[in-house]
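Take a look at the letters that make up each chain.
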Amino acid sequence: MGNYAIEIEDLGKQYKLGQFQKYKALRDTIAGAFSAPFRAASSLLGGSSRQKQADRMFWALKDVSLRIRHGEVIGLIGRNGAGKSTLLKVLSRIVEPTNGHARIEGRVGSLLEVGVGFHPELSGRENIFLNGAILGMKREEIAGRLDMILDFAEVGKFLDTPVKFYSSGMYVRLAFSVAAHLEPDILLVDEVLAVGDASFQKKCLGRMEDVAHGGRTVIFVSHNMATIQSLCSRAILLDGGTVAYDGAVNETITKYLDLVHSDAVLPLDSRTDREGNGALQFRKFYAISKSRGITDTICTGEDVTFVVEYTSAAAGPLRNVSVSVPLWNHMGHHMFMCWTRMTGQDSAEIHPNGEFRAHIKRFPLMPGRYTLNLWSEVNGQIADWIRNAAYINVIEGDFFGTGYLAPSSHGGMVVDHYWEFVHHND
Amino acid sequence: MKEQFSDLPVFEIRPSSAWRMLDLRELWAYRELIYFLTWRDIKVRYKQTALGIAWALLQPLAMMVVFTLFFGRLAGVSSQGVPYPVFALVALIPWQLFSRAITESTNSLVTDQRLITRVYFPRIIVPISTTLAAVVDFLVSGGLLILLLAFYGMPLRLEMLWLPVFTVLLLVTALGAGFWLSALNVEYRDVMYTIPFLNQFWFFITPVVYSSNIVPERWRAVYGLNPLAGVVEGFRWALIGGGGKPGPMMFASTAVAIVLFTGGIIWFRSRERRFVDAIGSGGR
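Which chain is which? The protein sequence lines are G and L, in order.
Here numbering that gives the first Met the number 0 is used: the first residue of the first sequence is 0, the next is one more, and so on.
Here numbering that gives the first Met the number 0 is used: the first residue of the second sequence is 0, the next is one more, and so on.
No lab work stands behind these hints: they were computed from the structure.
Source: prediction; values computed, not measured.
One should not assume that every hint holds.
[Stated by the list, open to error] Result set (PhoX-like, lysine-lysine): computed pairs, CA atoms no more than 20 Å apart in a straight line:
#, chain 1, residue 1, chain 2, residue 2
1, L, K42, G, K163
2, G, K15, G, K61
3, G, K202, G, K254
4, L, K46, G, K163
5, G, K289, G, K360
With these hints in hand, go ahead and build the complete structure from the sequences.
Structure, rendered in structure tokens:
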């Protein structure tokens, strides 16, 4: 004992499916009480209600055991629903585990969201104190750091204005600033960095780096692998509520990306919402990353191939074939398309079964989720057209090999470029 | 290494046992949060109101006028030889603290659900600070009462020294009811719809517009099972001497208040760990 900041032993958290309904009205309980005897009767008559009961429970966390030393900075990664937030909530004592236990040495500060408890009617200054108290700071601590907090937040003369009059940017800056000056022994952070504008994000990241390198124990949840790489000394991969991998950051990230591949190939055979005469039919869509193989998650800047498998009932070759794959972002904005006609490759003759491959060098989209359509034309007639055929996730990657990417508020694309510095002699 | 971290606080996270009492030491550690949440409730309540804190005076004043007119004058309800306005206001002020406290406590956990699902703190702080916020109105309207007592030339009495005791009893009752109602409302939102009814019902079984003397002597102890009956008559007795010395009714009320309070804490603590699951994580 004494060496670990956090020791977790067989920790589990079970939820009932449907437990996330908003609330229970008394009538439900009464109805439940009335139907219970019938359920009991029906289970006597052969239905195994115990089995059904078990089906309706799920483990958000199961058998999680971890040891985290004082001063370690841990990245916690995993797909959505892997249990990352649940683990942070259990460690923050917001929810209680179903079994197992954890031993924590030191004062815990958790940042699951910035601006918790902010009240719109209160002024910036008042909210700083309120939020600080909620996060566990003492009044003198807050007062002592007030100048730093204000400096960081850049709200200046609006300090005594109710925050309901703040722009969303100002609001977020103020909220993060209070949180950023929390100084517990152990800090639990859930993806809160993606706030504010470009320069503020950079500042937040810088602040987190200070915290991470300042000897504090930190557990950091993020989907941003670049951030995990730059901040953490060790990473833990959660999947399905259990620890799937625990080790060096790069290995864990590789495992994470592997995991994401497993559900990356999208069958299209069952899609009925297609248009066209059916001269050709799309069967599967997937993306191949040059370095990581089949994936539904692409890193900005890596070489990627889109693969579209097709089939056709035709006996002989298909003639005059044109194929396109347009992409949209989550706002419905058209980002780009890959089209055989643009590249001058509409094909005079192709085999009735096969795949189209679009090779993209240095994938240019910024992190986000994109949907794509598949479209084809045979002999001037639309053959197969599936809207929203698939989606791909793009995560942050190192496009320029410099470690820097524009913040997402500054455009949805990365354009390959370089600078030249020209000297004027006068 | 070992020595370096030996002074850090250590705590264990594990499934808790079903029955827990109040952890006073923890509550003390969180006293600043109690202060800030109380302060927030007070501050926010009167922001954007034209009259501000004057509302704390207007409400009991208006009620007092109406009661004096209808019950005191027209219905001729006995006020134990004391001017009816004084008789009514003495009871109205503690009643209003109670009424406000249960109304706002009931919804308090639901209103602060973002807080509860994002940060740990002893949850019982929420209904406590809601109730404490109501105390401010109580003190302000208490000032009004002092003016009224002076206006009617009511004498200072030695029994007034009992006021802090009855105030504590009032708070114990209000907190007790608040613990029950707020915890129940997390799981059953029906509770919030019963509040207007509960308020009215409780108002009429409490000797605010009438004196408990209208209840036959032998039934007083039973009547005292409504803890507010004892509290309100206690205030009246200490301030103006109406209604005679507190007897069995007072004991019954005190006992019920303590049971309500202790039971409320135990119930609250036993449900507490399920609040976040019941409220839902509010997205994400």
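Hint check results:
About 15 Å separates the Cα atoms of K42/L and K163/G, which keeps this hinted pair within 20 Å; it holds. As the CA atoms of K15/G and K61/G are separated by approximately 14 Å, the hinted pair is consistent with the 20 Å bound. The straight-line distance between the Cα atoms of K202/G and K254/G is roughly 30 Å, outside the 20 Å bound, and the hint therefore fails. Straight-line distance between C-alpha atoms of K46/L and K163/G comes to about 13 Å, which keeps the hinted pair within the 20 Å bound.
Straight-line distance between C-alpha atoms of K289/G and K360/G comes to about 10 Å, which keeps the hinted pair within the 20 Å bound.
Against the hints set out earlier in the document, a violation occurs for number 3 only.
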